[in-house]
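2 protein chains.
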Amino acid sequence: MMHPDLQRERSSATFNPELLTHILDGGVQRSKRRREIESLVLKDPDFQHEDANFLSRSERYEVAIKKSSKMVLKMREYGIADPEEIYWFKSFVHRGRPEPLDLHLGMFLPTLLSQATAEQLDRFFMPAWNLEIIGTYAQTEMGHGTHLRGLETTSTYDPSTQEFILNSPTISSIKWWPGGLGKTSNHAIVLAQLYTHGQCKGLHAFIVPIRHIGTHQPMQGVTVGDIGPKFGFDETDNGFLKLDNVRIPRENMLMKYAQVEPNGTYVKPVSQKLTYGTMVFIRSLIVGEAARCLSRACTIAIRYSAVRHQSELKPGEPEPQIMDYQTQQYKLFPLLATAYAFQFVGAYMTQTYHRITGDINEGDLSELPELHALSAGLKAFTSWISSAGIEECRMACGGHGYSRCSGLPDIYVTFTPACTYEGENTVMMLQTARFLVKSYMEVRAGKSVVGMVSYLNDLSLQRVQPHPVAARPVVVDINDLSSLVEAYKLRAAWLVEAAAKSVQAELNRQRGKEDAWNLSSVELVRASDAHCHYVVVKLFTAKLPEIVDVAVHNVLNSLCLLYALHGINRNTGDFLQAGLLTAPQLAQVQLRIKELLAIIRLNAVALVDAFDYSDAQLASVLGRYDGNVYENMFEWAKKSPLNKTQVHESYHKYLKPLQAKL
Amino acid sequence: MMHPDLQRERSSATFNPELLTHILDGGVQRSKRRREIESLVLKDPDFQHEDANFLSRSERYEVAIKKSSKMVLKMREYGIADPEEIYWFKSFVHRGRPEPLDLHLGMFLPTLLSQATAEQLDRFFMPAWNLEIIGTYAQTEMGHGTHLRGLETTSTYDPSTQEFILNSPTISSIKWWPGGLGKTSNHAIVLAQLYTHGQCKGLHAFIVPIRHIGTHQPMQGVTVGDIGPKFGFDETDNGFLKLDNVRIPRENMLMKYAQVEPNGTYVKPVSQKLTYGTMVFIRSLIVGEAARCLSRACTIAIRYSAVRHQSELKPGEPEPQIMDYQTQQYKLFPLLATAYAFQFVGAYMTQTYHRITGDINEGDLSELPELHALSAGLKAFTSWISSAGIEECRMACGGHGYSRCSGLPDIYVTFTPACTYEGENTVMMLQTARFLVKSYMEVRAGKSVVGMVSYLNDLSLQRVQPHPVAARPVVVDINDLSSLVEAYKLRAAWLVEAAAKSVQAELNRQRGKEDAWNLSSVELVRASDAHCHYVVVKLFTAKLPEIVDVAVHNVLNSLCLLYALHGINRNTGDFLQAGLLTAPQLAQVQLRIKELLAIIRLNAVALVDAFDYSDAQLASVLGRYDGNVYENMFEWAKKSPLNKTQVHESYHKYLKPLQAKL
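Those protein sequence lines, which keep their order, are chains C and Y. Take the first sequence: its letters are residues 1 to 662, numbered as in the numbering used here. Take the second sequence: its letters are residues 1 to 662, numbered as in the numbering used here.
Extracted from the complex, chain C is given alone in its bound form:
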């Protein structure tokens, strides 16, 4: 039975959430197919399981590997082969959590496909496809992550035996973190510094057998295991790998691009830029994941806020829904707007990636640098905000958000590593900044730049400077989205220019290029952040004209306006300092935000319903679709392992004997 509060919220919504779901999915057919796949999983007894929160980490690994093996079998049975359908199926089976075969399916197989020669594909692909070979991708070392050139593992070619000798020369060179490495895999693609003829040729990839097929015992010279418990990722055996002069045949170097000939001669690859493509792809996936995880957290917090009643607004009246408190709206609705914004950004990134992949295949790499820079910055921007936003949602559920039954701790610990993996966020922001400053310098040198940074072309015209507010004409109409996009653009331009000038100022103080960069890095990160923020506001705004349903359009328009105004209010200093807003206008922004909160309040539940997460997928007692929270919390708690016995044996073992001694 649906909770009467949720029933009322749903019946008073001004739009049809189903239409919005189709927009988010990219079409009605895709919504339908996604639901079909989910129902395949939900009705399958092999994919039912005890609540993971009640299991130890070792049990969680075991449940996951059991389900993953069934998953591989059934995906083939059902003919699920499209990457997006695979993503859905996997996500439904594992309830959005990572699993031990992720690296095999998501990195080992694709890397073979993209970097192996025909001979290597013959040798490795089918055994890997059939899970005789189970692989992982071993790049990160204990001492080096984001800075790839610093990796220490060596692969030294021995022409006398035509073998590579893989070695971990130091403790810090031990491979650390790869998923599935700890217990699951028997092969690893190992990234190592290639040495041939006494020369280092940089990082290359090698297929290294690490455990015997059949017995699964480690190969000689291989020390391999699990790196131990983490904040989350309990299902995954992130592992370590220490190689003591392990020999592999020459043919195990992935040689589609670079090669080492039998006599040890090194043949360079044609272009290094191609590997950018994979990074862009993975980072665009992270943007999508940021959107989905924040959407899930918002769904839980907003549904709970609709059924939780607390305190009193007016003496003698019933306790209001906590969603009626302005402070609660002010916490949750900007995050809801952010979740929508990031959904559209994620979709844009994926589309752009696919478009550019076409260009790349035709040899046109011109857009790649910008996309690479943009994907780095947006990965950092969205993962930071979503990570913090999930915690805001958790705390907005009060004490109950802290219970594992809320599902929120799990969403957080599963998503937050996105801030440090696949490129640490600050480093990512600085990569974007490098592109922004480079583009700025090109403009200064009289060239013109294209794409998302084209606003830099206008810099010489619209001299934006730190300036007393009163001295500038005010241009921003706070109710007009295109005017707000313009404001974000000018802020970004102003901060890119400020960062570039800071670098120049340090250079003028006789600093070296690198020192000048480092001493300006606070400004550089700030510029990247503003650039990404501009891109998000722009993409959200650009989505609106595509939406034909008037009711849906109106509600998304309010969300977009809230997103833009709230961003200004969070960064008032920038907008005031850049002279883009006056203090009285800012006061208007703050009032307008509160009006928008009240408008969104009417549709908040419908807006999270549109994300269309099933109860199984949310795995949250607080976020149930029917709002039936307290009864279910009680049922859930009774299943706690500590409740398996009425009296815990520790009472008789420790507490009772203690009384006699005191």
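Be careful, since some hints might not be right.
[What the hints assert, rightly or not] Footprint (simulated), chain C over chain Y, 3 or more residues, beta carbon under 8 Å: (1) 53-60; (2) 182-195; (3) 402-408; (4) 556-567; (5) 632-638.
Hints were generated in silico from the structure; no laboratory data involved. All values derive from a computational prediction rather than experimental measurement. Don't be surprised by glycine CBs; every beta carbon is placed ideally from N, CA and C.
Starting from the structure of chain C, add chain Y where the hints point.
Below, chain Y without anything else, positioned relative to chain C:
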């Protein structure tokens, strides 16, 4: 052997960290005593234990209760009875984690002492002191936390038997969250709505036996158990308690203040204000805990940043310590400054509490309302910032911060519930705001106010208003702490006035009082935040003249300046909007912050050394005093439960059979 980087950092410090430790401890004798107590624990084989990260939750509970029982015994053996010494001893035994007897020792016994009659003390205190009675404090219910008046549990007096009948009338009335309730306790102090002669007399406290002494089986009518796994607090059996018309003798109501006579006549307590004292005390403890948890996180992140080398600043040169990156300094040093600020605020709160307790005992309650309001706001202010700050520290350690071996996940999950327990933070901020607005209205009515809010008296003179910057004379000297304190004060005054005016504006629109308050709550929280921020800057600044050692004084002065300027930079909009700073001045602030980062860089390791956390207390491989990180990570990982067997049985059970089927 000490890591050479840490050795160098320590030898180049400009001050003696030992002197700073004495300041933080409140005197050399207290540092000495704290270390004595720690060494009692560290050398005791009963208090050694396996790394908790490798244990299941049930095992963690068992280890904790075992250690707690030993702890109680040994504290009496050692004659440790001073509250601060008890805190240390407990904290060393349990490595800063909560434990199952916390509520017995910290709430049940003190509540007996403060609210029980002499007869009740006779009956309950010694059995409780000797752990025959193990108690907890059952206040929060599933449906109600911070809003105490909403609690639903009833206690109905039956004069015919002279008993109270305790009852949980609804699912939402089930007691939920009390620590030690799930498995450990046999008694609970239950907060319930007292009914006598058919009238509700509000919340009162009752001693309810919940399990039989000896067998530990639940009493009749009592449903009790563990609420299940949480984000953290694995050692604690937070529990639920459902009472089905459970009868207790009349004499089990805590009757030192209010009473129910045998015939059911209710006798009111003299003053309600007295219970404020306990709340103030607990909230001041949370402020101290916020400081300590953030200090621990900073210790780990800064030591790790000194020994971790990554990437390159200059081509060809060795990889720099990551602490040399300005972005890393910008993340960590403001948090370090915050940790110091909060240490001093915590000490101030405790002192003030003790001073006012003296006054209260003499019947002078005049300062209590202000202290109550201040403690609510500072609890929220410091817990939010520390909670987020711990996560910043974790992410500043890159991927390795995500490993449980870093100790950071544990610090976070142990501390973050402070944002929602003992009064949800937003509600706390609004309580402070209520006092601020009340004080403001008094000033407007021509009265004068005292204490931390006395700046409101000046409002009519220094008409602070939202104003174009250029129109106001600029008063702030960004290098002068007293001038900065003044700026924070004016910002607070400006925001309190803005919030009060917002309430007034809503009233003018014919809103009811409560609606007007709710519709201004974003402004009200903002005002409280600014008030607390002012208090923190003021207290940090006020600490400096007390410090006699010049070298220590200088380094704390830089930290205090960084704290104040960074706070301005994070809230630029306020300072610009209030006309307290000009845009060019703000640019100066931003440059000055970067200079301060470089100055603090020299002493960063010594500044965290001064917090004086032992390796055992930090429980962090990344934060070790000797900096020996990578070797220890490897040793730690090998102990992971998943590594107990070379080949996980799941390989033979699931993966190997799978190959045949594919």
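So which of the earlier hints does this model not fit?
-> 4
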